[in-house]
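As numbered in numbering that gives the first Met the number 0, residues 0 to 183 make up the sequence shown, in order.
One or more hints might be untrue.
[As the list claims (entries may be wrong)] Keeping only pairs whose Cα atoms sit at most 30 Å apart, straight-line, the calculated DSSO-like set for lysine-lysine is: (1) Lys164 / Lys182; (2) Lys157 / Lys119; (3) Lys27 / Lys164; (4) Lys182 / Lys11; (5) Lys152 / Lys138; (6) Lys126 / Lys164; (7) Lys126 / Lys138.
It should be emphasised that the hints constitute simulated quantities derived from the structure, not laboratory data.
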Amino acid sequence: MGDLEMITEMVKQEMDAAIKHLDHAFQKIRAGRASTTMVQDVMVEYYGAPTPLSQVANVMIPDAMTISIQPWDKTAIGAIEKAIVNSNLGFAPMNNGESITLNVPPLTEERRIQLAKNAKGESDATKITIRNARQEGMKDLRKLDGVSEDLIKDEESKIQVLTDKFVKICDDHLKTKEAEIMKV
Numbered sequence: 000m001g002d003l004e005m006i007t008e009m010v011k012q013e014m015d016a017a018i019k020h021l022d023h024a025f026q027k028i029r030a031g032r033a034s035t036t037m038v039q040d041v042m043v044e045y046y047g048a049p050t051p052l053s054q055v056a057n058v059m060i061p062d063a064m065t066i067s068i069q070p071w072d073k074t075a076i077g078a079i080e081k082a083i084v085n086s087n088l089g090f091a092p093m094n095n096g097e098s099i100t101l102n103v104p105p106l107t108e109e110r111r112i113q114l115a116k117n118a119k120g121e122s123d124a125t126k127i128t129i130r131n132a133r134q135e136g137m138k139d140l141r142k143l144d145g146v147s148e149d150l151i152k153d154e155e156s157k158i159q160v161l162t163d164k165f166v167k168i169c170d171d172h173l174k175t176k177e178a179e180i181m182k183v
């Protein structure tokens, strides 16, 4: 009996992790406003080692369309600028010698549609991960020895209910993100 519940709990944890990953991916998809999450994954070559931007500079949002990056070590400003350009974020960094400013351009309708498609792609990938977790859970249940067929069927139905719940959460997150992206 404990093995059945353990398998279901593992499936639930995998599905939870998939939703957390989706939320993280959605944070990177900008919706017309500046956000520190837009540059959080930028890696700066700092003293020969790739280092997250947040560990070499203070990232601030002075207004809705601007990201300001203030390096703690002024010698790193060139490396930060290069990392931003190489990250393909679509920003043209402005370096004044002491800080870097990124102007976030307003989104065109075409770009909004593209971002909505990207969000849908992330959502679809998350649904695949959720369904794969269900499939693995079902396989693990069928491998159990000495457990009645009825108990396995009950646990399979619980896993299916979890799957449906997490797919709906995924759809709800996508609907919210699409509305945020398409809002002018």
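Hint consistency between Lys157 and Lys119 [alpha-carbon to alpha-carbon, up to 30 Å] | Roughly 27 Å between the alpha carbons, so the hint for Lys157 and Lys119 holds.
Agreement of Lys126 and Lys164 with the hint, judged by alpha carbon distance not exceeding 30 Å | holds, 11 Å
For the pair supplied as a hint, Lys164 and Lys182, confirm whether the alpha-carbon distance does not exceed 30 Å.
-> holds, 27 Å
Quickly compare the C-alpha distance for Lys27 and Lys164 to 30 Å and report which way the hint goes.
-> holds, 25 Å
Has the given pair, Lys126 with Lys138, been kept, meaning a C-alpha gap of at most 30 Å?
-> holds, 18 Å
Pair hint outcome, Lys182 versus Lys11 [Cα-Cα no greater than 30 Å] = violated, 33 Å
Pair hint Lys152 and Lys138, alpha-carbon separation not exceeding 30 Å = holds, 12 Å
Checked against the numbered hints given earlier, this structure breaks only hint 4.
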